[in-house]
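The listed protein sequences derive, respectively, from chains A and B.
First residue of the first sequence? That's 1 in full-length UniProt numbering, and the numbers climb one at a time after it.
First residue of the second sequence? That's 1 in full-length UniProt numbering, and the numbers climb one at a time after it.
Because the hints were derived from the structure by calculation, they are not lab data.
There could be a bad hint or two in this list.
Any copy will do: because identical chains look the same in the list, a pair fits if it lies in one copy or spans two.
Lysine-lysine pairs mimicking DSS-like chemistry, simulated, CA-CA at most 30 Å apart [claimed, not checked]: (1) Lys6 to Lys262; (2) Lys342 to Lys242; (3) Lys369 to Lys242; (4) Lys242 to Lys323; (5) Lys104 to Lys262; (6) Lys284 to Lys126; (7) Lys215 to Lys342; (8) Lys215 to Lys104; (9) Lys342 to Lys293; (10) Lys131 to Lys215; (11) Lys6 to Lys242; (12) Lys218 to Lys104; (13) Lys277 to Lys131.
Number of protein chains: 2
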Amino acid sequence: MSPSHKLCMIPGPIEFHEDVLQAMATPATSHVAPNFIPALGESIELLRKVLFTSGQPFIIAGSGTLGWDMTACNLVEAGDDVLVCNSGYFGDRFGECLETYGAKVTHLRVPIGESPQLAAVAAALKSKKFKAITITHVDTSTGVLSDIKGIAEVVKAESPETLVVVDGVCSVGSEEIRMDAWGIDVVVTASQKALGAPPGLCVMGVSERAIGVFKNRKTPVPNYYANWNRWLPIMNAYEARKPSYFATPAVQNIFALNVSLKQIVAQGIEKRFALHKEASAKAKKVIHDLGLKLVPTSLDHAANGMSAVYYPEGIAATDLLPKLAAHGIVAAGGLHVEIAPKYFRIGHMGISVTEPERGHLDATLNALKASLAECGYKGAL
Amino acid sequence: MSPSHKLCMIPGPIEFHEDVLQAMATPATSHVAPNFIPALGESIELLRKVLFTSGQPFIIAGSGTLGWDMTACNLVEAGDDVLVCNSGYFGDRFGECLETYGAKVTHLRVPIGESPQLAAVAAALKSKKFKAITITHVDTSTGVLSDIKGIAEVVKAESPETLVVVDGVCSVGSEEIRMDAWGIDVVVTASQKALGAPPGLCVMGVSERAIGVFKNRKTPVPNYYANWNRWLPIMNAYEARKPSYFATPAVQNIFALNVSLKQIVAQGIEKRFALHKEASAKAKKVIHDLGLKLVPTSLDHAANGMSAVYYPEGIAATDLLPKLAAHGIVAAGGLHVEIAPKYFRIGHMGISVTEPERGHLDATLNALKASLAECGYKGAL
Ligand SMILES: Cc1ncc(COP(=O)(O)O)c(C=O)c1O
Ligand SMILES: Cc1ncc(COP(=O)(O)O)c(C=O)c1O
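Could you put the whole structure together from the sequences, leaning on the hints where they help?
Dropping the structure here:
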């Protein structure tokens, strides 16, 4: 890594392991080559372990957003009601995507920094019959963690036929998710966050129940590239270690994801959850001791893979972020439109926390202290 | 490159330049980083040069197939008639994609190995009003090259309002295309063929006229991820060297494409066309001298970036392809369902022909001769 490389400590893309990067530079390989087929096939199997599911994974060239389309066009039919638990920017956007495919969307909005309340979810589910409920597990715009286990329990009690869809783009690999045990039907994610690979892949897990709902849909799937009828035979073929073709897979990105998934499973997923909690606690303590305020209103619903932090009075993005960059740390500005200029975001996911000996988080927190001091901040510490 | 690496001489993915691979291994970089923004911005500008257009390029995580969705969902409205010049597998598939979005598709089919006749196109255009005509420039399943310049002229004469859409997935970078001069409205392509980068990107060029038609559509775009309303501001922002976000771009793949596009433009596009013609002539002469038959019925409409070749009597895929692989050459089997077991395909695109000193094509043709001999073939030579 060149000495000019700045640590990418945003909430995705994140820092990659050297072996992951090495895999990105795999020489030209046919998408039906005997060395590529097992890389995709095994990645599908590993995803089942990461998501704790016996359901169907999908790995498709694209990004997390494409996973919204896949959910909306395969599981929802025009006129279906969908409840969107909306904890920020990504809830608004997922809702727009669902509406594009004809869903009637009800937003269950929470104030900025709050997470959806179980009682409110229960009440909403009583109001009408929803085909699906969506939950942004970690809203990357606010750093708010939603209680997907609790919400899935409420769904099971109030409206068991409603499909439970989790936007796990900013949580898979950093937050606890147990698809089958918790009754989660869909997890949408992408390669570039806690799965530890470069951007370029839409990654999903879909329960057997949801595949059943898909197979029983009454109207044709109104999308070609995202149509599971096209992709199911492909995923099955690769898993059976057989060549198949619908659209050319992103061979190098999949080699890279495969390396990262193997690392994740080798280290142990429970260990990974624990390390992300530890790193987050450390980051949040420094933030607190500095006298800074998190966007999430309570640590109980703050993400473990990132921190969204208000600038202290008098200090702005234009001051702090360039100073952090001068210290070799790339952090992100605000994204939630109502408060965008007022806060910044730090990612602490993947190798930056599972291999603490790299010192990424310490370097980041030290740079934060130094940069604030350079900005003239006289807060605690 | 490891000594065990076999040359990937299929009609895409193709062999990559070392600098392209190096770019794939760029360390973690934010999608709004000061070093990434110009890589995407410049790639957009370079694509205009490669396609000879003042129109709008798009570079999106996905693959060539996604470019069909982009065309179908942004330019076609339900009920519109579309004429598909169908020279093989990819015409069938593009037609299916168009129908998914409600187009009424008329296929102008040609026998296997033939290319669409101008007179037939003219007659079809007289039969009804088509919103668009699609042409597979090189049908990768047959190696047939279509006369897009001639067809665009016929469209201009017979039905000037019809949008001319070229599937250039297997032609951009290897076959002559001059979008603006020839009156072509859309070129769909992907990163992994003659553009010389790994798979993972959908790449398009869209004329100003087509963008106008898009902006005047009467119905909403029935797709979220592929919606140009979302992507136009993003492409414009990056080109203006400003950060912007809709869905996370495939940062590393775009760095790699950027390197390849710079190489293409630096070498000169006219030179590139000439080199592909030369390499193709060389390959086709060896194939002819070996007594083998091409799938295209005439050299006049045979692609310059690939060759589709019938196995000689008594020799099958299961014999020839493994022997080629043992000689270090990966070739592809047949894809056109009606003749799939009867022929094979060789790619000759990108650095394998623009840097002949690498010896890729010679190695491939020599391996072909040797493998045929090993199969017991007693043909010419
Ligand atoms: C929670 C969440 N959902 C969806 C997305 C969209 O994913 P992508 O940018 O890969 O399209 C993101 C991206 O950051 C995200 O954080
Ligand atoms: C002519 C043609 N069109 C479309 C496609 C589809 O592109 P992709 O496989 O990148 O989705 C291909 C792929 O080989 C092709 O050759």
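Each hint tested on the structure:
1. Taking CA atoms no more than 30 Å apart as the test, Lys6 paired with Lys262 passes in both settings, with 26 Å inside one copy and 25 Å between copies.
2. Taking the shortest Cα distances, Lys342 and Lys242 sit within 30 Å of each other only across copies (20 Å), while inside one copy they are farther apart (52 Å).
3. When the C-alpha separation of Lys369 and Lys242 is checked against a cutoff of 30 Å, the pair qualifies only between copies, where the shortest distance is 29 Å, while the shortest distance within a copy is 53 Å.
4. With identical chains, the CA atoms of Lys242 and Lys323 are at most 30 Å apart between copies only, with a shortest distance of 20 Å across copies and 51 Å within one.
5. Taking the shortest alpha-carbon separations for Lys104 and Lys262, neither the intra-copy value of 40 Å nor the inter-copy value of 46 Å comes in at or below 30 Å.
6. For the identical chains of this complex, Lys284 and Lys126 are neighbours neither inside a copy (37 Å) nor across copies (70 Å), given an alpha-carbon limit of 30 Å.
7. In the homo-oligomer, the alpha carbons of Lys215 and Lys342 never lie at most 30 Å apart, since the shortest distance is 46 Å inside one protomer and 35 Å across protomers.
8. In this assembly of identical chains, Lys215 and Lys104 lie within 30 Å of each other by CA distance both inside one copy and across copies; the values are 21 Å within and 26 Å between.
9. In this homomeric assembly, Lys342 and Lys293 come within 30 Å of each other (Cα to Cα) only inside a single copy, at 11 Å, whereas the closest approach across copies is 69 Å.
10. For the homomeric pair Lys131 and Lys215, the shortest alpha-carbon distance inside one copy (15 Å) is at most 30 Å, but the shortest distance between copies (33 Å) is not.
11. For the identical chains of this complex, Lys6 and Lys242 are inter-copy neighbours only, at 20 Å across copies versus 41 Å inside a copy, given an alpha-carbon limit of 30 Å.
12. In the homo-oligomer, the alpha carbons of Lys218 and Lys104 lie at most 30 Å apart both inside one protomer (17 Å) and across protomers (21 Å), since each shortest distance falls under that limit.
13. For the identical chains of this complex, Lys277 and Lys131 are neighbours neither inside a copy (33 Å) nor across copies (56 Å), given an alpha-carbon limit of 30 Å.
Against the hints set out earlier in the document, violations occur for numbers 5, 6, 7, 13.
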